Amino acid sequence: MRNILYAPLLAFAACATHAHAATPPQIGTAAVTKNDVTGALGSTQRALKRGDGVFQNESIKTGKDAGAQLLFRDETALTMGPDSHVMLDKLVYDPDKKTGEMSIRAVSGAFRFVTGSAPKGGYKIETPVGTIGVRGT
Numbered sequence: 377m378r379n380i381l382y383a384p385l386l387a388f389a390a391c392a393t394h395a396h397a398a399t400p401p402q403i404g405t406a407a408v409t410k411n412d413v414t415g416a417l418g419s420t421q422r423a424l425k426r427g428d429g430v431f432q433n434e435s436i437k438t439g440k441d442a443g444a445q446l447l448f449r450d451e452t453a454l455t456m457g458p459d460s461h462v463m464l465d466k467l468v469y470d471p472d473k474k475t476g477e478m479s480i481r482a483v484s485g486a487f488r489f490v491t492g493s494a495p496k497g498g499y500k501i502e503t504p505v506g507t508i509g510v511r512g513t
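Going left to right, the sequence shown walks through residues 377 to 513 as the numbering used here numbers them.
Bear in mind the hints are in silico, worked out from the structure with no lab data behind them. Treat the numbers as computed from the prediction; the structure is a model and nothing was measured. Ideal Cβ positions, reconstructed from N, Cα and C, are used throughout, including at glycine. Please note that the accuracy of each hint is not assured.
As the list claims (entries may be wrong) - Distance windows between CB atoms, simulated:
(1) ALA486 with GLU451: 17 to 27 Å
(2) PRO471 with GLY439: 26 to 36 Å
(3) VAL505 with ASP472: 34 to 44 Å
(4) ASP472 with ASP441: 36 to 46 Å
(5) LYS474 with ASP441: 31 to 41 Å
(6) ASN411 with LYS474: 30 to 40 Å
Stated by the list, open to error - Dumping the calculated DSBU-like pairs for lysine-lysine here, alpha-carbon to alpha-carbon at most 35 Å:
(7) LYS473 with LYS496
(8) LYS474 with LYS425
(9) LYS473 with LYS440
(10) LYS466 with LYS496
(11) LYS410 with LYS466
(12) LYS410 with LYS425
(13) LYS496 with LYS474
(14) LYS425 with LYS473
(15) LYS425 with LYS500
Whenever a hint applies, use it, and build me the whole structure from the sequences.
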């Protein structure tokens with residue numbers, strides 16, 4: 377009888393442990409992908425295709441002759457050229473209040489960044505040689 381009672385408890389404990397290892401929040405979508413575009417969350421790497429979600433703390437890379445456009449929850453658009461690498465550090469956005477902040481690291485490559493609905497002072501773009509703060513349009 378004891379074995380019967382313990383087995384369901386062990387199964388429940390195993391499920392509860394996996395629930396804590398949740399995926400980071402989805403902060404946007406890959407609107408356009410051309411050729412080799414990859415996303416990596418920790419040790420998990422995947423090919424990014426049009427319509428795929430992108431997540432906080434995800435590393436996005438484009439290969440040679442590749443490109444991507446990412447659209448974020450606040451309507452920000454990030455276009456990436458070939459051989460580019462960006463880290464999506466943080467996006468917190470409340471569409472009802474139009475408040476939030478975004479932080480990304482442009483590691484290497486060419487980018488075009490068009491701000492969305494969040495307050496302009498809430499954007500932070502780090503580069504290998506400095507930080508860019510958006511203060512107006």
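Going down the list of hints, with the structure as the test:
no. : hint                           : verdict
1   : ALA486 with GLU451: 17 to 27 Å : holds, 22 Å
2   : PRO471 with GLY439: 26 to 36 Å : holds, 33 Å
3   : VAL505 with ASP472: 34 to 44 Å : holds, 37 Å
4   : ASP472 with ASP441: 36 to 46 Å : holds, 41 Å
5   : LYS474 with ASP441: 31 to 41 Å : holds, 38 Å
6   : ASN411 with LYS474: 30 to 40 Å : holds, 35 Å
7   : LYS473 with LYS496             : holds, 14 Å
8   : LYS474 with LYS425             : holds, 29 Å
9   : LYS473 with LYS440             : violated, 40 Å
10  : LYS466 with LYS496             : holds, 15 Å
11  : LYS410 with LYS466             : holds, 25 Å
12  : LYS410 with LYS425             : holds, 8 Å
13  : LYS496 with LYS474             : holds, 11 Å
14  : LYS425 with LYS473             : holds, 31 Å
15  : LYS425 with LYS500             : holds, 26 Å
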